[in-house]
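According to our numbering, the residues represented by the sequence shown are 1 to 64, in order.
Please note that a few of the clues may not be correct.
Across the chosen pairs, the derived CB separations fall in these ranges [unchecked claim]:
#, residue 1, residue 2, range
1, C14, Q37, 37 to 45 Å
2, S38, T3, 37 to 45 Å
3, S10, H30, 41 to 49 Å
4, I61, A41, 43 to 51 Å
5, L7, H30, 48 to 56 Å
6, A42, L7, 34 to 42 Å
7, L11, Q37, 43 to 51 Å
With a cut-off of at most 25 Å between alpha-carbon atoms, the simulated SDA-like pairs for lysine to any residue come out as follows [what the hints assert, rightly or not]:
#, residue 1, residue 2
8, K5, I19
9, K43, Y33
10, K43, V32
11, K5, S18
12, K5, L15
13, K5, L16
Read the hints as simulated data drawn from the structure, not as lab findings. Since we're looking at a predicted model, the values are computed, not measured. For glycine and all other residues, C-beta sits at the position ideal for the given N, C-alpha and C.
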Amino acid sequence: MDTFKLLSFSLFICLLCSISCDIHGIEASHQVYPEYQSLDAAKVKPLLRTGYHFQPPKHWINDN
Numbered sequence: 001m002d003t004f005k006l007l008s009f010s011l012f013i014c015l016l017c018s019i020s021c022d023i024h025g026i027e028a029s030h031q032v033y034p035e036y037q038s039l040d041a042a043k044v045k046p047l048l049r050t051g052y053h054f055q056p057p058k059h060w061i062n063d064n
């Protein structure tokens, strides 16, 4: 019985949130920082590129 009450309550909360989003809409929270727009992207040396994540050789899955 407790599981049913918890499930019903969770469904009710989800329904309220859904209705609230439909009525009020959803607003974006993205902020633009103009002072960073003029900066160039950082360039990484090819030697250091694979230092953290594994990268297999080119076409490794189609090796014949």
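How the hints compare with the structure:
For the hinted restraint 37 to 45 Å between C14 and Q37, the CB-CB distance of approximately 39 Å keeps it satisfied. For the hinted restraint 37 to 45 Å between S38 and T3, the CB-CB distance of approximately 56 Å leaves it violated. Remark: the range hint 41 to 49 Å for S10 to H30 is contradicted by a beta-carbon distance near 30 Å. Look at I61 against A41: about 29 Å separates their beta carbons, and that is not inside 43 to 51 Å.
Range check, L7 to H30: Cβ separation about 35 Å, and the 48 to 56 Å hint is violated. Range check, A42 to L7: about 49 Å between beta-carbon atoms, so the 34 to 42 Å window is missed. In this structure, L11 and Q37 meet the distance hint of 43 to 51 Å, their C-beta atoms being roughly 44 Å apart. Among the hinted pairs, K5 with I19 is consistent with the structure: their alpha-carbon atoms are about 21 Å apart, no more than 25 Å.
For the proposed pair K43 and Y33, the alpha carbon gap of about 21 Å is at most 25 Å, so the pair holds. Our distance criterion of 25 Å between C-alpha atoms is met by K43 and V32, whose separation comes to about 23 Å. Restraint check: the Cα-Cα separation between K5 and S18 comes to about 20 Å, which is no more than 25 Å; the hinted pair holds. Taking the CA atoms of K5 and L15, the gap is about 15 Å. The hint holds against a cut of 25 Å.
For the hint pairing K5 with L16, the CA-to-CA distance comes to about 16 Å; that is within 25 Å, so the pair holds.
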